[in-house]
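2 protein chains.
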Amino acid sequence: MADTHQAAGPKLAIMAGGGTLPARIASAVRGQGRGVFIVAFEGHTDPETVAGLPHLWSRFGAAGSILRRLHEEGVGEVVLAGPVKRPSFTELMPDWRTARFLARVGTRALGDDGLLRAVVREVEEDGFRVVGLHDLLKDLLTTPGPVGSLAPDAEAERDIARAVEVARAMGALDVGQGAVVQQGIVLAVEAIEGTDAMLERCAGLLRPGPGGVLVKVKKPKQDRRIDLPTMGVTTVEKAAAAGLRGIAVEAGGSLLVDRAAVAETADRLGLFVTGIEIPQ
Amino acid sequence: MADTHQAAGPKLAIMAGGGTLPARIASAVRGQGRGVFIVAFEGHTDPETVAGLPHLWSRFGAAGSILRRLHEEGVGEVVLAGPVKRPSFTELMPDWRTARFLARVGTRALGDDGLLRAVVREVEEDGFRVVGLHDLLKDLLTTPGPVGSLAPDAEAERDIARAVEVARAMGALDVGQGAVVQQGIVLAVEAIEGTDAMLERCAGLLRPGPGGVLVKVKKPKQDRRIDLPTMGVTTVEKAAAAGLRGIAVEAGGSLLVDRAAVAETADRLGLFVTGIEIPQ
Numbered sequence: 001m002a003d004t005h006q007a008a009g010p011k012l013a014i015m016a017g018g019g020t021l022p023a024r025i026a027s028a029v030r031g032q033g034r035g036v037f038i039v040a041f042e043g044h045t046d047p048e049t050v051a052g053l054p055h056l057w058s059r060f061g062a063a064g065s066i067l068r069r070l071h072e073e074g075v076g077e078v079v080l081a082g083p084v085k086r087p088s089f090t091e092l093m094p095d096w097r098t099a100r101f102l103a104r105v106g107t108r109a110l111g112d113d114g115l116l117r118a119v120v121r122e123v124e125e126d127g128f129r130v131v132g133l134h135d136l137l138k139d140l141l142t143t144p145g146p147v148g149s150l151a152p153d154a155e156a157e158r159d160i161a162r163a164v165e166v167a168r169a170m171g172a173l174d175v176g177q178g179a180v181v182q183q184g185i186v187l188a189v190e191a192i193e194g195t196d197a198m199l200e201r202c203a204g205l206l207r208p209g210p211g212g213v214l215v216k217v218k219k220p221k222q223d224r225r226i227d228l229p230t231m232g233v234t235t236v237e238k239a240a241a242a243g244l245r246g247i248a249v250e251a252g253g254s255l256l257v258d259r260a261a262v263a264e265t266a267d268r269l270g271l272f273v274t275g276i277e278i279p280q
Numbered sequence: 001m002a003d004t005h006q007a008a009g010p011k012l013a014i015m016a017g018g019g020t021l022p023a024r025i026a027s028a029v030r031g032q033g034r035g036v037f038i039v040a041f042e043g044h045t046d047p048e049t050v051a052g053l054p055h056l057w058s059r060f061g062a063a064g065s066i067l068r069r070l071h072e073e074g075v076g077e078v079v080l081a082g083p084v085k086r087p088s089f090t091e092l093m094p095d096w097r098t099a100r101f102l103a104r105v106g107t108r109a110l111g112d113d114g115l116l117r118a119v120v121r122e123v124e125e126d127g128f129r130v131v132g133l134h135d136l137l138k139d140l141l142t143t144p145g146p147v148g149s150l151a152p153d154a155e156a157e158r159d160i161a162r163a164v165e166v167a168r169a170m171g172a173l174d175v176g177q178g179a180v181v182q183q184g185i186v187l188a189v190e191a192i193e194g195t196d197a198m199l200e201r202c203a204g205l206l207r208p209g210p211g212g213v214l215v216k217v218k219k220p221k222q223d224r225r226i227d228l229p230t231m232g233v234t235t236v237e238k239a240a241a242a243g244l245r246g247i248a249v250e251a252g253g254s255l256l257v258d259r260a261a262v263a264e265t266a267d268r269l270g271l272f273v274t275g276i277e278i279p280q
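Read top to bottom, the protein sequences are chains A and B.
Note that UniProt numbering has the first sequence beginning at 1, numbered continuously upward.
Note that UniProt numbering has the second sequence beginning at 1, numbered continuously upward.
In case anyone wonders, no lab produced these hints; they're calculated from the structure.
Do not rely on the hints blindly, as some may be mistaken.
As the list claims (entries may be wrong) - Non-contacting residues of chain A with respect to chain B, defined by C-beta distances greater than 10 Å in every case (computed): (1) R30; (2) W57; (3) L150; (4) D153; (5) I185; (6) Q222.
As the list claims (entries may be wrong) - Facing chain B, from chain A, some residues (calculated, C-beta under 10 Å): (7) L136; (8) E165; (9) A172; (10) A191; (11) I192; (12) G204; (13) L205; (14) K221.
No residue lacks a Cβ here, since even glycine has one placed at the ideal position from N, Cα and C.
Turn these sequences into a full structure, and let the hints steer you where they fit.
Structure follows, in structure tokens:
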């Protein structure tokens with residue numbers, strides 16, 4: 001038994017954001033014979049995520065008690081999974097450990113990748129290894145080429161290239177990961193509002209003729225353990241509702257949740273979804 | 001009389017977009033003793049702009065008849081004034097001259113600065129001189145420093161610097177001119193939706209604490225004759241409604257319409273409005 005445990009890997013703590021991704025990770029990792037421990041955040045984590053699993057409900061500001069509990073549970077590795085909406089001030093109200101951390105990184109870092117990078121460093125200084133979702137589930141990483149049966153035509157390819165240029169420039173400044181382009185015109189650039197809100201405003205900005213494309217790429221210097229662009233069925237549905245004709249996400253630099261369902265949804269709604277290779 | 005006319009300058013054609021700017025220009029130029037001719041666009045130009053002045057109502061697609069008329073009227077200089085919302089396909093329906101033009105620049109250029117630059121070249125090839133609004137009304141150009149009685153504090157200065165960085169990066173890619181930053185976080189980046197729509201979505205994105213700042217800068221390589229960032233009383237009102245604390249616009253690279261009214265509105269609503277110098 002000790003050998004099996006060794007081979008499967010140390011106990012994994014899942015810092016669980018919203019959506020179904022944390023539960024998928026928990027299920028897959030347990031299937032590999034590893035122990036898991038869920039850190040859930042009130043108002044962010046879906047309560048179903050923790051059903052039947054060892055867990056702790058916590059606030060973001062309670063870094064001290066979270067890390068203490070992970071030591072007690074014998075956790076060896078930590079993964080960040082699922083989106084977290086911007087936490088409120090109350091949720092962030094710091095314990096002494098969090099206060100020391102915030103004093104060091106500065107409250108101006110709150111809300112962008114700088115904060116997540118600092119969280120990763122802090123957790124690692126406590127002796128835990130922080131891993132990426134793609135280390136746990138290799139087939140989550142987007143692969144090159146079409147996901148469904150449709151592929152971009154020449155005009156869509158040009159729009160994709162323009163959107164990649166814009167999204168990469170914003171990513172280099174640690175702003176956003178997404179952009180929407182139609183017929184060469186940049187309709188929308190993503191900042192803190194997130195991809196869904198960006199898609200919602202595109203419907204009113206489309207011109208007649210071929211619909212636009214959504215592109216999501218990771219930030220050029222992004223640590224793949226944190227906040228990789230993620231897409232799933234919902235993204236396809238929202239892109240279709242906005243009148244777009246397709247979605248391109250970075251192969252090897254984004255997560256595709258439930259590939260079969262994404263392919264089915266894309267085919268049914270008449271959109272292409274494709275993985276594109278970006279020179280690093 | 002001929003000498004006076006010579007000194008005041010040749011007859012000026014004003015390609016009139018929306019708002020009050022075209023009428024202000026017409027009034028100022030006539031005050032200098034110059035003749036004006038207004039080219040108005042249905043659905044875009046305020047009908048009051050042409051009241052009592054020689055003018056032509058036209059469609060964007062009728063480049064041939066517009067240019068012919070400017071020759072007949074003895075126009076020497078042309079200025080583009082006021083914003084133009086994206087024209088519909090019907091408005092763009094080309095005459096033969098416009099079709100030749102579109103065939104050369106390509107319909108993919110429609111809607112961004114590439115199109116306006118091409119329009120300027122086309123008008124100049126016909127023998128007209130295209131001038132900038134700041135050539136006609138020097139005091140329209142934003143000057144450095146506060147417009148009203150408030151000035152940015154240290155935190156607002158940091159937010160301004162961050163927004164300048166983002167807006168310049170987007171401008172370099174010919175996307176937009178504006179960004180909103182609060183406490184170091186980029187709340188919104190402007191694309192085709194325009195500044196007003198960008199401000200409207202900021203209200204829902206603000207966090208507690210000091211409000212954000214709106215920054216507008218010209219694109220790094222922008223021809224100052226076309227589409228300089230413009231701000232006036234409406235911008236101040238919309239920024240206040242969005243919960244922002246101030247506005248910074250590029251000194252020498254943006255137009256400030258009705259400076260006295262902007263200062264009064266900013267003071268009344270408690271916002272700073274300031275001209276910032278950007279190294280070119």
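How the hints compare with the structure:
1. Residue-level check passed: R30(A) sits 37 Å from the nearest beta carbon of chain B, beyond 10 Å.
2. No beta-carbon of chain B comes within 10 Å of the beta-carbon of W57(A); the shortest separation is about 24 Å.
3. For L150(A), the non-interface assignment is confirmed: its Cβ lies about 22 Å from the closest Cβ of chain B, beyond the 10 Å cut-off.
4. In this structure D153(A) is separated from chain B by more than 10 Å, as the shortest Cβ-Cβ distance comes to about 14 Å.
5. Against the 10 Å criterion, I185(A) falls within the reach of chain B, whose nearest CB is about 5 Å from its own CB.
6. For Q222(A), the non-interface assignment is confirmed: its Cβ lies about 16 Å from the closest Cβ of chain B, beyond the 10 Å cut-off.
7. At about 30 Å, the closest approach between the beta carbon of L136(A) and any beta carbon in chain B exceeds 10 Å, and the interface hint on this residue is violated.
8. With a least beta-carbon distance of about 6 Å to chain B, the hint placing E165(A) at the interface is held under the 10 Å criterion.
9. The interface hint given for A172(A) is met, as the beta carbon of that residue sits about 8 Å from the closest beta carbon of chain B, less than 10 Å.
10. Evaluation of the A191(A) hint against chain B yields a held restraint, the C-beta minimum of about 5 Å falling below 10 Å.
11. At a threshold of 10 Å, the smallest CB-CB gap from I192(A) to chain B is about 5 Å, leaving the interface hint in force.
12. Restraint check, G204(A) versus chain B: the minimum CB separation of about 8 Å is within 10 Å; hint holds.
13. A cut of 10 Å between beta carbons decides the hint on L205(A): the least distance to chain B is about 6 Å, and the hint holds.
14. Hint status for K221(A): violated, given a least beta-carbon distance of 15 Å to chain B, over 10 Å.
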